[in-house]
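Q: Sequence:
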Amino acid sequence: MAPLGHAASVPSVPGRKVEDFQQLSFLREHVRGLCRLNHSRFPGAQPVSFEKTSIGLLQSEDYWVCEKSDGQRVLILIVIPASTGAQEVFLIDRKNDYYQVEGVVFPHHMPKDPEVARVNGMRNHTLMDGELVIDTDSSGKQKLVLLLFDLIVLDRELLASRPLSKRYGRLKTFVYPPYVDYLKRNPAAAARRPFDVQVKKMDLAYGIQMVLYETVPNLLHGNDGLIFTCLNSGYVMGTDPKILKWKPPNENTIDFKLILRFPPDLERDPRGNLPNLSVMPFFELHQYLGDSAHEDYEFFDELWVEPEEWRQMVESGEQFDDRIVECVWSVDPQPATEPYLSRELSLPPRWRMMRIRDDKHHGNHRSIVDKILKSIRDGVDADELVSAAPAIRAAWKTAEREKLRQGAGQAPAPTSTSSVQSSAQHQSGTPKTIGTQPFDPSLPFGGMAYQGVKGKAPPLGSGGPPGLIRRCPLVDGAQLDTREQPYLSTSRRKELSSLKIDKLQLSDDAVSIAAQYTAGKAILDRQTGESVSLGSQISLDAASLQSAAQGTDTASTSSSAHQSVSAISAQGVLKNFNTIESFRSADKQSIFDDTLRHLWKGLIDRQQEPERFLTTFLALTFADLKKFKFYYWFAYPALTTSPPWEVVDDGPDGNEAWKGVSTKISATQCDVITDWIQQQSIGRGFFLFKAVNSSDARCSRISTYESFFEGVPEQARYVGFVDPSGSSQIPGWPLRNFLAYLHARFGVESAQVICWKDDVGTAASAPTPGRLRSVVGQVRLPAPQSADRASASGLRFDGRQTWLACKPSDTSAPSGVGWERNAQGKLAPKVADLGPLMDPRKLADQAVDLNLKLMRWRIMPEIKLETIQSTRCLLLGAGTLGCYVARSLLGWGVRQITLVDSAKVSFSNPVRQPLFDFEDCLEGGQPKAECAARRLMRIYPGVDAKGISLSIPMPGHPVAPNTEHRVKEDVERLEKLVDEHDVIYLLMDSRESRWLPSLLGAAKSKLVINAALGFDSYLVMRHGGPPIAAEGTEGRPDANKGKTADQSWHGRLGCYFCNDVVAPSDSLTDRTLDQMCTVTRPGLAAIAGASAVELMVSVLQHDLGVNAPATAGETSRQGVEDAQAIADATTVLGIVPHQLRGFLAQFHTLRVVGQAYDRCTGCSAAVVEAYRARGFEMLLNAFNEDKYLEQLTGLDKMYQEAEELEAAVDWDVEDDDEDGF
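Residue numbers (the UniProt record's numbering): 1 to 1221.
Worth double-checking, as some hints may not be accurate.
[What the hints assert, rightly or not] List time: in silico DSS-like cross-link candidates among lysine-lysine, alpha-carbon distance up to 30 Å:
no.	residue 1	residue 2
1	371	245
2	95	521
3	830	853
4	201	360
5	112	200
6	360	200
7	968	1187
8	143	201
9	690	521
10	575	629
11	626	374
12	659	575
13	68	112
14	141	17
15	112	52
16	830	626
17	360	374
18	1004	968
[Stated by the list, open to error] Computed Cβ-Cβ distance ranges for the label pairs, DEER-style:
no.	residue 1	residue 2	range
19	41	1081	26 to 36 Å
20	275	1198	50 to 60 Å
21	334	298	46 to 56 Å
22	269	95	45 to 55 Å
23	239	298	12 to 22 Å
24	1197	1176	21 to 31 Å
25	276	585	23 to 33 Å
26	1090	903	19 to 29 Å
27	1143	1198	28 to 38 Å
28	298	939	44 to 54 Å
29	1197	1143	32 to 42 Å
30	239	275	36 to 46 Å
31	60	361	33 to 43 Å
Everything labelled a hint here was simulated from the structure, so no lab data went into it.
Don't be surprised by glycine CBs; every beta carbon is placed ideally from N, CA and C.
With the hints as extra help, turn the sequences into a complete structure.
A: Below you can see the structure in the form of structure tokens.
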């Protein structure tokens, strides 16, 4: 095992990591577009392990061989943003993280080309493959080098379908020479570059011996075997079976997840629930299962770690658990360390750790592990490889191989690249069709069949006549954006999570939601000159998710109030499931049928607005809020007819079913449609249009069909809708229900349809008359096959039978289609894994909130979590109690914590104060408050933690005249802190230091929580509300909220000083060693700290807050009055005590109620009013004068009265005998 699992030869990726989510998403989407992928994961090719059968591949096909560098695999992205016009270079690691590097420039090989000249002769839209290595020369000097070995995209041209020989040739000819020339002409730029760039040397496969015994020994960087790449293969974005990774069998490695399992500590817990962290654990290796319904990993084997190695791992302080480690199968019987070496043990074969692989999110997949194991068992050693070289060379030299190589040089397509396959489909022709295209109900989504290939939808982008509605809902680009997680974009993930956590909780009831879509778009491909459909992306309305989470009706908060002028609203149903099993096993067809029935009822109800139902959609979801995986499946229920609608095509070539709208409607008439869509607030996505003459053109709502078209000839009638499809020949999904509505309500069997595809957002965005993309066409139901022109099994409406299809088993239930297919074209849900894309800080926020909200789900729906989390807490003291209180506050999700302390971390602190460690004690110690705040933010970055070094002035500690100004500043700073916080914790280790915060809390009506420790006892208490002001009831609570503490049986609750009849004085001078240290049982602080936080939480649940009455003490009388007192002082969390006094020796906690003392030096009316009237002057008197507080409160008079009473007592003992006793 390498020392502590490190490998010095593997470099870190240089540059600035892209943390901004919007920029990162844009870059990933850009790479996805360049590579024409349907996902935005890491697109790099991955090799397979070399096996004995691989030698046959080297003989049957032409291969290159190169050394496999022991480095960091990266892709290199070159882009020039339009906003800056400056070239940017990014390195992409296998985790799909992006790093922007400065000082690296890649000029274009044709700098004078007009397009290139506009960007200063720099290269753009290019993606390369390479590896970062560290070269070390003979003197030990190291240099970072980027080795390029493949070219994926060049100037936006995808080269994946071209053979390696062509790609590598362009890399060496077009990319690398301009880079070298630029450095020669710019020495300053060469000095600034963060790494050198080289092209990796390739050799013919039969040159194995030279590579093994000449190239590899002379490398300046680490080597990890050989790589064989097929010369004539395309670039496969994923696992490529024609890239072979060879290692000596005994050096093949597997990446596992390492899990440390400690044995139970039976001495501390006989039940075995506590781990024994003092002993050596079991080292489990787990293999990755990929996307699984349950665990992502499963146990594979045990890692061999020797005791001395474990000691080194512990001393390193590094975390090894739950990390990816690279392991090798060792057959060496010799142990690595003592005491095994001296025992002359012979060890069996075992797994050994080579290094930690933090560059990988996951270990090797189970399928890869199986292949590597096969390579280990059935591997090819170096001698076998070299001995095969003559046969490989002979195969190269045969005439037949030469002929095959020449033929393959015409860019054969890779066998498993989805982007190349779709490209081939895009370029393929389509069987010619003529006349009309029947609407085939046998297709999964009722897609249009085309003549020649019955029962299949036309290929994407084909030149032949397309279907009326293709197999995908939201056709041609509007299909929920196949690019990746369209619906569950990160901007909507928060709303969906909130809906699940705050509203739905454990309910799987369906809720109403809204979405928006716009007219489809198309762009011109400058490479091919063809129009490329972008369609529209439907997106959930965030307002509707929020209103659903709040339990309000989506319809009442219609998205029309939030949508843009060009957006069309769609109403839908969201059904969220609690478990992945229930999501998978749900009767989806039944849910779909229910939604379809709801749609049908809405269309036939004359009191409803039909447009609301025409774009009905259904969303089935499961939100895994632990792993931030969102499973979703959309459906767009559409009513079908039997037989289906036909599109009339009267063109000579049979492919002109849909013509430009300007062929039938003038520019002035188009303006009428544009104005109507812009101005209409209800039903704006659908319209009726009539053009009797050039000057008489009008639009209307679709429900006015009969009256609007009365007396209008058929050729002047049009029905239209805003079309989300970007294709000119494929209408979008809303058309099907639109036609069904017109047929059912008005008996329409033929119509001229306007598919409006132009933006109507603003006047500036409106298209010019000659550039309208909208189309018009005619659809009709087929010729009648019965006299009554009705389907024998069609739905009935208003006493007549329609051609709308119904269920065979229920003639009143509509039949329809509309389930969305996933990216693979299968009827299956999609998965959006947002975990890798999210900011880890936001992940932590979500996880903390989720744990708390689960409490509200299952146990106490009334708990005021938001009140707790928004509470601003001031912790005076960052020692033992302060650390435990702060950690407990984090557990409740408190977001703002300020710690105040004047001390520094000492060597005795870390073992008792959990926010500090040994490093904090060095160099005189770190300031406690600042150090604790930093540690809190490391534990939970979502907390706003501040540390302030501040000394609190105290009574009995006189203020020298020359320090009076500084003390005044300290007091003002403390006053400001108290004003800015809601709860004040007194966690100091001296009595007098608590006086000033107690006074400020009483004067400013703050909730003060006090905690103090003895050796085996503790006190946790809350201070009562402020005393009633002499001039009135200033600061008193609302009487409508219940009986206050003042009005309760116990009266106003006391503070920390109410039980004392002496003023606080100096207790810190001349202390012995035991008095200077906190001598207390170690577990006591954790109990007291947690109790203090729980007491605060209980008070916050009470409507009266700081003025809440206390629960009767344990010795109080029983009766009706006590029962009412308990009810008054009870919240959802239980009782709200005043004081808790714990005694660890008896493991007992006593509940006490203490009244406020009218002569208290900390909270009495006299003291509070004096502070309010005189401010710092009064405080200065308290600090400097020993008897001031006693005189102010009247304690001095009480002393005098007590002395007088004692003197007046006549102790008569002489008459005892006379009493007869």
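Q: Would you mind marking each hint as holding or not holding in the structure?
A: Here's how the hints hold up against the structure:
A C-alpha spacing of about 11 Å is found between residue 371 and residue 245, which places the hinted pair at or below 30 Å, so the restraint holds. At roughly 33 Å between alpha-carbon atoms, residue 95 and residue 521 are farther apart than 30 Å, so this suggested pair is violated. Using a Cα cut-off of 30 Å, the hinted pair residue 830 and residue 853 holds, with the two alpha carbons roughly 27 Å apart. Proposed proximity of residue 201 and residue 360 is supported: the alpha carbons are some 26 Å apart, at most 30 Å.
Proposed proximity of residue 112 and residue 200 is supported: the alpha carbons are some 29 Å apart, at most 30 Å. The suggested pairing of residue 360 with residue 200 holds, with an alpha-carbon distance near 23 Å, which does not exceed 30 Å. A threshold of 30 Å between alpha carbons decides the hint, and for residue 968 with residue 1187 the separation of about 21 Å falls inside it, so the pair holds. Distance check on the hinted pair: residue 143 and residue 201 sit about 18 Å apart at the alpha-carbon level, within 30 Å; holds.
At roughly 26 Å between alpha-carbon atoms, residue 690 and residue 521 fall within 30 Å of each other, so this suggested pair holds. For the suggested pair residue 575 and residue 629, the alpha carbons sit about 16 Å apart, so the restraint of at most 30 Å is met. Under the criterion of a C-alpha separation no larger than 30 Å, the hint pairing residue 626 with residue 374 is inconsistent with the structure, at around 36 Å. About 40 Å separates the Cα atoms of residue 659 and residue 575, which puts this hinted pair outside 30 Å; it is violated.
Distance check on the hinted pair: residue 68 and residue 112 sit about 38 Å apart at the alpha-carbon level, beyond 30 Å; violated. In summary, the hint linking residue 141 to residue 17 is supported, as the alpha carbons are separated by about 26 Å, within the 30 Å threshold. For the proposed pair residue 112 and residue 52, the alpha carbon gap of about 51 Å is over 30 Å, so the pair is violated. At roughly 18 Å between alpha-carbon atoms, residue 830 and residue 626 fall within 30 Å of each other, so this suggested pair holds.
In summary, the hint linking residue 360 to residue 374 is supported, as the alpha carbons are separated by about 23 Å, within the 30 Å threshold. Among the hinted pairs, residue 1004 with residue 968 is consistent with the structure: their alpha-carbon atoms are about 18 Å apart, no more than 30 Å. Hint check: residue 41 to residue 1081, Cβ distance near 54 Å, so the stated range 26 to 36 Å is violated. With their beta carbons about 58 Å apart, residue 275 and residue 1198 fall inside the hinted range of 50 to 60 Å.
Distance hint check: the CB atoms of residue 334 and residue 298 are about 31 Å apart, inconsistent with the given range 46 to 56 Å. The hint said 45 to 55 Å for the Cβ distance between residue 269 and residue 95, and at roughly 39 Å that hint is violated. A C-beta distance of roughly 21 Å is found between residue 239 and residue 298, which places it inside the suggested range of 12 to 22 Å. As the Cβ distance of residue 1197 to residue 1176 is approximately 26 Å, the hint placing it in 21 to 31 Å holds.
A hinted range of 23 to 33 Å for the beta carbons of residue 276 and residue 585 is inconsistent with their spacing of about 42 Å. Between residue 1090 and residue 903 the Cβ separation comes to about 23 Å, which falls inside the hinted range of 19 to 29 Å. Distance hint check: the CB atoms of residue 1143 and residue 1198 are about 31 Å apart, consistent with the given range 28 to 38 Å. In this structure the supplied range 44 to 54 Å is violated for residue 298 paired with residue 939, their Cβ-Cβ distance being about 31 Å.
Look at residue 1197 against residue 1143: about 36 Å separates their beta carbons, and that is inside 32 to 42 Å. A hinted range of 36 to 46 Å holds for the C-beta pair residue 239 and residue 275, which are about 39 Å apart. The hint said 33 to 43 Å for the Cβ distance between residue 60 and residue 361, and at roughly 36 Å that hint holds.
Violation of the numbered hints given earlier is confined to hints 2, 11, 12, 13, 15, 19, 21, 22, 25 and 28; the remaining hints are satisfied by the structure.
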